[in-house]
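Asks: Now for the letters of each chain:
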Amino acid sequence: MNFAFSEEQEELRRTVRQFLEAKSPETEVRRLMETTEGYDPSVWKQMGQELGLQGLAIPEEFGGQGYTFIELGIVLEEMGRVLLCAPYFASAVLAGNAILNAGTDAQKSALLPGIASGDTIAALAFTEPSGKWDAAGITLEAAESGGRYTLSGEKMFVIDGHVADLIVVVARTAGTTGADGISFFTVRGDAEGLTRTSLSTMDMTRKQAKLEFNNVAAEPLGTPGSGWPAFSKTLDQAAVALSNEMMGGAQKVLEMSVEYAKVRVQFGRPIGSFQAIKHKCADMLLEVESGKSAAYYASWAAAEDNDELPVVAALSKAYCSEAYFHATAENIQIHGGIGFTWEHPAHLYFKRAKSSEIYLGDPTYHRELLAQRIGI
Amino acid sequence: MDFVDTPAEAAFRAEVRAWLGEHLTGEFAALGPGNGPSDETGWEVRVEWEKLLGADHWVGLTWAKEYGGRAANLAEQIIFNEEYTRANAPTRISFFGEGLFAPTLIQFGTDAQKQRFLPKIQRVEELWCQGFSEPNAGSDLANIQTRATLDGDEWVITGQKVWTTLAHRADWCFVVCRTDPDSKSHHGLTYLLCPMDQPGIEVRPLRQMTGSSEFNEVFFDGARTAKENALGPVGEGWKVAMATLGFERGTAFMSSQLAFEGEYAELLEIAQKNGAAEQPALRDELAQRYVGLQVMKYNGMRMLTNLVKRGDVGPEASIGKLFWTTWHRNFGETAMRVLGADALTVQRAQGREYEIDDLHYIFMASRAETIYAGASEIQRNIIGERVLGLPREPR
Ligand SMILES: Cc1cc2nc3c(=O)[nH]c(=O)nc-3n(C[C@H](O)[C@H](O)[C@H](O)COP(=O)(O)OP(=O)(O)OC[C@H]3O[C@@H](n4cnc5c(N)ncnc54)[C@H](O)[C@@H]3O)c2cc1C
Ligand SMILES: Cc1cc2nc3c(=O)[nH]c(=O)nc-3n(C[C@H](O)[C@H](O)[C@H](O)COP(=O)(O)OP(=O)(O)OC[C@H]3O[C@@H](n4cnc5c(N)ncnc54)[C@H](O)[C@@H]3O)c2cc1C
Numbered sequence: 002m003n004f005a006f007s008e009e010q011e012e013l014r015r016t017v018r019q020f021l022e023a024k025s026p027e028t029e030v031r032r033l034m035e036t037t038e039g040y041d042p043s044v045w046k047q048m049g050q051e052l053g054l055q056g057l058a059i060p061e062e063f064g065g066q067g068y069t070f071i072e073l074g075i076v077l078e079e080m081g082r083v084l085l086c087a088p089y090f091a092s093a094v095l096a097g098n099a100i101l102n103a104g105t106d107a108q109k110s111a112l113l114p115g116i117a118s119g120d121t122i123a124a125l126a127f128t129e130p131s132g133k134w135d136a137a138g139i140t141l142e143a144a145e146s147g148g149r150y151t152l153s154g155e156k157m158f159v160i161d162g163h164v165a166d167l168i169v170v171v172a173r174t175a176g177t178t179g180a181d182g183i184s185f186f187t188v189r190g191d192a193e194g195l196t197r198t199s200l201s202t203m204d205m206t207r208k209q210a211k212l213e214f215n216n217v218a219a220e221p222l223g224t225p226g227s228g229w230p231a232f233s234k235t236l237d238q239a240a241v242a243l244s245n246e247m248m249g250g251a252q253k254v255l256e257m258s259v260e261y262a263k264v265r266v267q268f269g270r271p272i273g274s275f276q277a278i279k280h281k282c283a284d285m286l287l288e289v290e291s292g293k294s295a296a297y298y299a300s301w302a303a304a305e306d307n308d309e310l311p312v313v314a315a316l317s318k319a320y321c322s323e324a325y326f327h328a329t330a331e332n333i334q335i336h337g338g339i340g341f342t343w344e345h346p347a348h349l350y351f352k353r354a355k356s357s358e359i360y361l362g363d364p365t366y367h368r369e370l371l372a373q374r375i376g377i
Numbered sequence: 534m535d536f537v538d539t540p541a542e543a544a545f546r547a548e549v550r551a552w553l554g555e556h557l558t559g560e561f562a563a564l565g566p567g568n569g570p571s572d573e574t575g576w577e578v579r580v581e582w583e584k585l586l587g588a589d590h591w592v593g594l595t596w597a598k599e600y601g602g603r604a605a606n607l608a609e610q611i612i613f614n615e616e617y618t619r620a621n622a623p624t625r626i627s628f629f630g631e632g633l634f635a636p637t638l639i640q641f642g643t644d645a646q647k648q649r650f651l652p653k654i655q656r657v658e659e660l661w662c663q664g665f666s667e668p669n670a671g672s673d674l675a676n677i678q679t680r681a682t683l684d685g686d687e688w689v690i691t692g693q694k695v696w697t698t699l700a701h702r703a704d705w706c707f708v709v710c711r712t713d714p715d716s717k718s719h720h721g722l723t724y725l726l727c728p729m730d731q732p733g734i735e736v737r738p739l740r741q742m743t744g745s746s747e748f749n750e751v752f753f754d755g756a757r758t759a760k761e762n763a764l765g766p767v768g769e770g771w772k773v774a775m776a777t778l779g780f781e782r783g784t785a786f787m788s789s790q791l792a793f794e795g796e797y798a799e800l801l802e803i804a805q806k807n808g809a810a811e812q813p814a815l816r817d818e819l820a821q822r823y824v825g826l827q828v829m830k831y832n833g834m835r836m837l838t839n840l841v842k843r844g845d846v847g848p849e850a851s852i853g854k855l856f857w858t859t860w861h862r863n864f865g866e867t868a869m870r871v872l873g874a875d876a877l878t879v880q881r882a883q884g885r886e887y888e889i890d891d892l893h894y895i896f897m898a899s900r901a902e903t904i905y906a907g908a909s910e911i912q913r914n915i916i917g918e919r920v921l922g923l924p925r926e927p928r
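First to last, the protein sequences are chains G and B. Under our numbering, the first residue of the first sequence is numbered 2, with each subsequent residue one higher. Under our numbering, the first residue of the second sequence is numbered 534, with each subsequent residue one higher.
Calculated directly from the structure, the hints in this document are not laboratory data. For each residue, glycine too, the CB sits at the ideal point set by N, CA and C. A portion of the hints provided could be inaccurate.
Stated by the list, open to error - In silico lysine-lysine, DSSO-like type, Cα no more than 30 Å apart, as pairs:
#1 B:Lys830 - G:Lys355
#2 B:Lys830 - G:Lys253
#3 B:Lys830 - G:Lys234
To be verified - Computed beta-carbon distance windows for the label pairs:
#4 G:Gly132 - B:Gly873: 30 to 38 Å
#5 G:Glu260 - B:Glu658: 51 to 59 Å
#6 G:Ala218 - B:Gly873: 56 to 64 Å
#7 G:Gly132 - B:Ser718: 54 to 62 Å
#8 B:Ala874 - G:Gly132: 34 to 42 Å
#9 B:Glu802 - G:Glu344: 51 to 59 Å
#10 G:Pro130 - B:Glu926: 50 to 58 Å
#11 B:Ala551 - G:Gln373: 34 to 42 Å
Chain G with its partners taken away, still in its complex shape:
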């Protein structure tokens, strides 16, 4: 039994951390979050060409680096730590895995190399205005005529959908409900009949779009109608990936709290010497370390692609999102008045934590999934 990262994996973490500290300091995060695009194309290019991050977990035969979900988790944790503004989660995690899970070999060969190099930004459009995260939330129907498909309807909360060159759409075949009829399609970002609207997001560091489809011609990805297993797996993988990303942010706010508690003096003592603050920090550490244990284990299950994945994905998403939000909230409290200002980064993490908690379904939703999966 060995539950630790290898030396090579630790080296990857150091490299990525160094890169992100240089390229994504708080000033850059604040600059980019005020833009519509929400990312820096030159940094994105470097990520792809110099570090090969976008293709890290894409198999070599499809133009990637061929690493596993464990390495992907490490990279995401580091990105979450600095609140990197980039379409990485949308492209490399959501869309990349959807294509890997749903596509034919020919489609993977055609679509993945661009994602792996970063030349293509891809997004996954699945949620609709109903805000449901499961199969029932997919109501957009694909119309078929002579083997050609067109899409009409609306997708919401599409992460980085406004800048994506390639959009993977989850829809359903006509007249189906639930897990039946779930289908994947691909659409170009500039396709005729597609209207993209940037949404104002509570978390300004992660952009979302509304996509309106009006008779948009779409290519099937895999076999239409039988996409549920691939979609379900994509959602589980996304939950694992997000868990890791969240723990990077949680670790960062814990460090901020501890540093501040050591230097802020009130009543003639550092506030960290008061148990009310010290115990808060201790509880944060417990939850952050526990969240990491869950997230890392979930990465391993995703890397092995074993049958633990559905259970572990649901439980790590439930645990990590509560731990993350709690840490960001305590961080504000420990900072006092300063923690409530726009200038202090505490609110950036607080907002990211809450939207990550809700995105893909909140902890109650994931515990219900868990309950079903373990047979409660």
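Based on these hints, arrange chain B with the ligands on the given structure of chain G.
Replies: Below, chain B with the ligands alone, put in the same frame as chain G:
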């Protein structure tokens, strides 16, 4: 990352399983894990069971062969604990000797002391108890007032210990005493080993909220032990006592998670039968407990990996202790809610004096877990100060 046994570990696991399969039968199997270490239920049978374990060298597994051990490595000890728990084997009565005292003895003892004490612990011929806490020295253990002075070749001990689990059954006590009368706090303490069966010691049982009398008051009034029965240097007992506490917080409870898996499964079965699992709030609560139980497992595996790599768990052990005790306490409360009205009465008494079910027992006993081996507040102080480096309180 790799969560699979090596071939050697798998073979060892199979050996443990086979042994338990062959020996844990009849009245031994009937004992089950439901009791505290010194619960009187089935006492004679429990002693007999542990002697059987000792005879085949499952007690003192990691000790050198000359002391009756198997010189097993840590991974094997963990595998043994896992299989032992999974087999629903009885709670160990030699916990204080084998789990707390022996590792301290191995670290600080002379060869003569090891030869004198280890084999008897290994064969379960001598049971031990832990004489640390006093009426005025609980969390603040350094405030120990029990005194010991040298009288020729013997230490003479006077004072009072309290909450001493198993003192009424133990043959020996490891007792921390103030040997320098002018000393204060953690200076001037000595870790003495004292025989219990003598006129200078009186043990008075204390009844716990669970109804059983597992802990005691122990009065020392001129109790005697040989001069050579000091463990570690005279005056440096604090260091030795801290090592014992380290074992108590770190490794001693490592296999609890597996026992909790069993408890969870039992509760889930009840919840499915009585409809609690369909009730949304309880369903969510049951799922929450499951999340915590699995996270506890993953935390344990990470801690173990560090232990094997670095050789000790360090102050991070406090995270583990805080996690499992809090989880178990919440689980006890969930259990009562799941039982609903059935929690009000006893369904199948376990032969205890005050008749309660296993789940009642967990509900109550978990209240002690957040107190002993360092109360939760103390664990948070340790995490804050020694792991996070926050400033200590001014004293
Ligand atoms: C929106 C807003 C509006 C405000 N408006 C006004 C205003 O109009 N006028 C005005 O004068 N002030 C105003 N304040 C300031 C407010 O009163 C202070 O923020 C507050 O007193 C806390 O002080 P601090 O920010 O310096 O935090 P600190 O005192 O530094 O506290 C930091 C953290 O340490 C904790 N802490 C401090 N001492 C102890 C202790 N002894 N034991 C345990 N924990 C401790 C605190 O609880 C907090 O969690 C405002 C603050 C906010 C957020
Ligand atoms: C079932 C059981 C079995 C036991 N078995 C043994 C045994 O075999 N041998 C033995 O020596 N002892 C044993 N103990 C004793 C145990 O170690 C003590 O109960 C424990 O150390 C707490 O001490 P106390 O009971 O005096 O409580 P106190 O130390 O008086 O604590 C009371 C409360 O104050 C809090 N508190 C104390 N100091 C601080 C602080 N600095 N900051 C914040 N909060 C603080 C505590 O956390 C607790 O909530 C046992 C206890 C129990 C319950």
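Asks: Run the distance test for Lys830 of chain B versus Lys234 of chain G: straight-line Cα separation, threshold 30 Å.
Replies: This hinted pair holds, its Cα atoms lying about 24 Å apart.
Asks: Range first: 56 to 64 Å. Now tell me if the beta carbons of Ala218 of chain G and Gly873 of chain B are that far apart.
Replies: At 58 Å between Cβs, range holds.
Asks: Quick one: are Gly132 of chain G and Gly873 of chain B within 30 to 38 Å, going by C-beta?
Replies: The hint (30 to 38 Å, Cβ to Cβ) holds, given that Gly132 of chain G and Gly873 of chain B are roughly 34 Å apart.
Asks: Using the C-beta atoms of Ala874 of chain B and Gly132 of chain G, is the stated range 34 to 42 Å upheld?
Replies: The hinted range 34 to 42 Å holds for Ala874 of chain B and Gly132 of chain G, with Cβ atoms some 39 Å apart.
Asks: Given the hinted pair Lys830 of chain B and Lys253 of chain G, is their alpha-carbon gap at most 30 Å?
Replies: The hint holds at about 24 Å.
Asks: Starting from the hint 34 to 42 Å, judge whether the C-beta atoms of Ala551 of chain B and Gln373 of chain G obey it.
Replies: Between Ala551 of chain B and Gln373 of chain G, where Cβ atoms are some 37 Å apart, the hint holds.
Asks: Are the Cα positions of Lys830 of chain B and Lys355 of chain G separated by 30 Å at most?
Replies: Within the cut-off at roughly 27 Å; holds.
Asks: Cβ-Cβ distance between Glu260 of chain G and Glu658 of chain B: within 51 to 59 Å?
Replies: 55 Å, holds
Asks: Starting from the range 50 to 58 Å, see whether the pair Pro130 of chain G and Glu926 of chain B falls in it by beta-carbon distance.
Replies: Once the Cβ atoms are compared, 53 Å apart, the range 50 to 58 Å for Glu926 of chain B and Pro130 of chain G holds.
Asks: Please check whether Gly132 of chain G and Ser718 of chain B have a Cβ separation lying inside 54 to 62 Å.
Replies: Check passed, 60 Å falls within 54 to 62 Å.
Asks: Is the hinted range of 51 to 59 Å satisfied by the C-beta distance from Glu802 of chain B to Glu344 of chain G?
Replies: Since Glu802 of chain B and Glu344 of chain G have Cβ atoms about 55 Å apart, the given range 51 to 59 Å holds.
Checked against the numbered hints listed earlier, the structure breaks none of them; every hint is satisfied.
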